[in-house]
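> So the protein lines, in turn, are chains A and B. Residue numbers for the first sequence follow my numbering, beginning at 10 and rising by one. Residue numbers for the second sequence follow my numbering, beginning at 806 and rising by one.
Simulated from the structure, these hints should not be mistaken for lab results. Glycine included, each C-beta is placed from N, C-alpha and C at the ideal position. Treat the hints loosely; a few may be bogus.
Stated by the list, open to error - If you only want the chain B side, here are some residues facing chain A, beta carbon under 8 Å, derived:
(1) His821
(2) Ile857
(3) Thr858
(4) Tyr890
(5) Met893
(6) Gly896
(7) Leu905
(8) Lys906
(9) Ser909
(10) Glu912
(11) Met914
(12) Phe921
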Amino acid sequence: MNKISLIIQREYLTRIRKKSFIIMSVLGPLIFAAYILIPMYFATLEDKEVKTLAVIDDSKLFTENGPNGPVFVLPGTKTLKFQVVEDVPLETFRNTFEESDYYGVLFIPSNILASETSLIYSTKQVSLEVSEYLERSMDTEIEHLKLEQQNIADIEKILAEVKTSINVRNIKWTRDGKTQESNTGVVMGVGYLGGMMVFFFIFFFGSQVMRGVIEEKVSRIIEVIVSSVKPFQLMMGKIIGVGLTGLTQFMIWMVLSFALVTGLKAAFFPELNRTPTEQVISSDLFEKGTPGQDQLQGPNQTETDDTSDVVQEIFGSLKTINAGVMIGSFLFYFLFGYLLYAAMFAVIGSAVDNETDTQQLIFPVILPLILGIYVMISAINNPDNGLSFWFSIIPFTSPVVMMVRIPFGVPWWQIALSGSLLVATFLGMTWVAGKVYRTGILMYGKKNSYKEIWKWLRYSS
Amino acid sequence: MNIITASEVVKDFSGHRALNHVSLEVPEGSIYGLLGPNGAGKTTLLRIINQITAPDEGSILFNGLPIGQEHRPMIGYLPEERGLYKKMKVGEQALYLAQLKGLSKQEAMKRLKIWFHKFEIEAWWNKKVEELSKGMAQKVQFITTVLHEPRLLIFDEPFSGFDPINVNLLKHEILQMKENGATIIFSTHNMASVEELCDHITLINESETVLQGEISEIRERYRSNKYQVTFSGSDERLAGGLDPRFELLGVEENGMGRRATIRIKSEDEGSGDLIRNLVEITEIKSFQEILPGMNDIFIQVVNDTIKKKGADHE
């Protein structure tokens, strides 16, 4: 046992002191932060430019007389202003448009009620934001006009009473009789993130185990080491050491990403709301809610304004995903999924003399992982159908597929079954891997094929 | 007391028997040579003694007990294909390997300081192995092999790849370790080093033991009844006066005078008869039996077994 811990120590320390580890640790969160912040940055870029539309209103339906001349009835937004122009023909604009500061010219024809069409003239494509705003608000304005023409008394009051906005909210009944609200999109996002991370970590750190085995074989130190320790101890020490490296990297990424996103956002975009991802990190990973807080108020919750509604919904949805269960199962499936695959990667490493020979052997090993990703994508939409169920039970795909199912709520017996099958398969696979590894590490210049590996498996210990 | 007793060891690889009922006994405190052509099975046997692989049949005893995990720290092994972690620093790596052999970090550090000083390589402590030359790396590897002061040292082809200076260093250290009570087993092609160092040998050919025993006894067994005589006087007189029971194989000049090689034809005649004949016909300056070199014995035995196998097949 003491020797295994020496090996773990060496594997761990040499890896975390590598330049590539340090670079990856810093770069990972930067990429992660960039992924979140760059779209935010572009969004704010768009916001800052104030666009002014010249309005030619032939219908006179959208113009009111203000103190300083005619005013457009639509209020505009922070970035969209209107300026009504009278007695200037469209042709004049066409000729002088380049010199003007106008974003475009909105032409409302006199027959707009019948044609239901207005036109924007511009030298460039008008942004979706502008055209959607115009369509929406002109619709409302004209609907109002038409209603007024019906001459119904108290029309404003009736309209206010009639106005409806249906909001479909998903309330879950949990086993212990509580009700919880969840947003399917957020739950899908969390599941997808979890599944992808498990896949990525298994693949990345599994390959590191393989490379480590090849390194020992190529440098020929392997024979010295296995004269001091059992090959199985060496293999397990390496697998555990690399696994700890993976966990360390994961922790560094989480902490740095959180710090980076919070810091940069506070510095550059103080006006922006927190993004869902941050909320995932901040509320669920770092401030593990107590079980009591996990419960949201029921459907009879009071009305709030739009923004806080969204935030509330995201928070509520995140809280239906039990943070403890999510982190616990991530660690479990990452750990045992990694252990299972790392043993197979170690076998491949032991069977070859250099890294280029690994390709044909690696394919059958990563096939189930890739299959797991495909099933995971389907399972996001159907977390409880037969396909998702079986692939979350089968050990080779369960680490990826179960991660995406867990946020939707999975019966305990399924997690227990999937988990114990995974552990059992890991134990069996490690036993088999140890036998093959022991022979493979001393073989040089052999044709590497699964037929050869099968032979090694049957050699006596 | 034998430190290693291997009995009837058999090891099969797919379609190929690497060791066929090989037995040997290594007396404690001796230097034991394991000889044989390439591919004879020497490395496989050494790996079995090192518990890197296990035999299919037969057993290995260490000090009379079945060999096990507890014996690993008592053995130091320098494999034929030498290697260290290239990216690891020299000192750190030596410490790691010593700790795997059961030394405490402090003890390993203390001993490493002494060895690094002895080999004058203190300046390499913080260098990466990949920055070292081959000869430098070999010194480091040798230190890591002997640092835990094992009772049994196993060297697979220790002299191959070492430059002559390091070979001498190695020989010196091997003899030193023997003096300190350690037992050394090494495999080699270098017959000069066998004559110089070994007390016992086993010659393996095509997976089987073909020659085994104390080196002086083996040389005795393969004596060819040839003698070297340095004399003064004329060659003709020597050739003319020699009794027909003796055969003059040749005469050459050496620093002290003329040197003749003479074979006694019959096993029944002794060297005394030859001397009596020689004093009558010439003046003897020196008289010496030519014992066969291990090189000759090696070649002879290997060729004999090949011939024998060929005959068996016919």
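> Return the status of the interface hint for Leu905 of chain B: holds when the least beta-carbon distance to chain A is below 8 Å, violated otherwise.
This interface hint holds because 4 Å falls under the 8 Å limit.
> Less than 8 Å between beta-carbons is the criterion; does Met914 of chain B satisfy it with respect to chain A?
Check failed: Cβ of Met914 of chain B comes no nearer than 15 Å to chain A, outside 8 Å.
> Does the interface hint hold: is Met893 of chain B within less than 8 Å of chain A, judged Cβ to Cβ?
7 Å, holds
> Go through the hint on Gly896 of chain B and say holds or violated, using the shortest Cβ distance to chain A against 8 Å.
14 Å, violated
> Minimum Cβ distance from Ile857 of chain B to chain A below 8 Å?
5 Å, holds
> For the hint on Tyr890 of chain B, does the least C-beta distance to chain A fall short of 8 Å?
6 Å, holds
> Measuring from the C-beta of Lys906 of chain B to each C-beta in chain A, is the shortest one below 8 Å?
5 Å, holds
> How about Ser909 of chain B: closest beta carbon in chain A under 8 Å, or not?
Ser909 of chain B check fails; min Cβ-Cβ to chain A is 11 Å, beyond 8 Å.
> Does Thr858 of chain B pass the interface check with chain A, least Cβ-Cβ distance below 8 Å?
Cβ of Thr858 of chain B sits 7 Å from chain A, so the hint holds.
> Is the interface hint for Phe921 of chain B satisfied, with its Cβ closer than 8 Å to some Cβ of chain A?
With Cβ-Cβ at 19 Å, over 8 Å, it is violated.
> Let's test the interface hint: is any C-beta of chain A closer than 8 Å to that of Glu912 of chain B?
14 Å, violated
> Does His821 of chain B pass the interface hint, meaning its C-beta sits closer than 8 Å to a C-beta of chain A?
12 Å, violated
The structure does not agree with the numbered hints 1, 6, 9, 10, 11, 12 stated previously, though it agrees with the rest.
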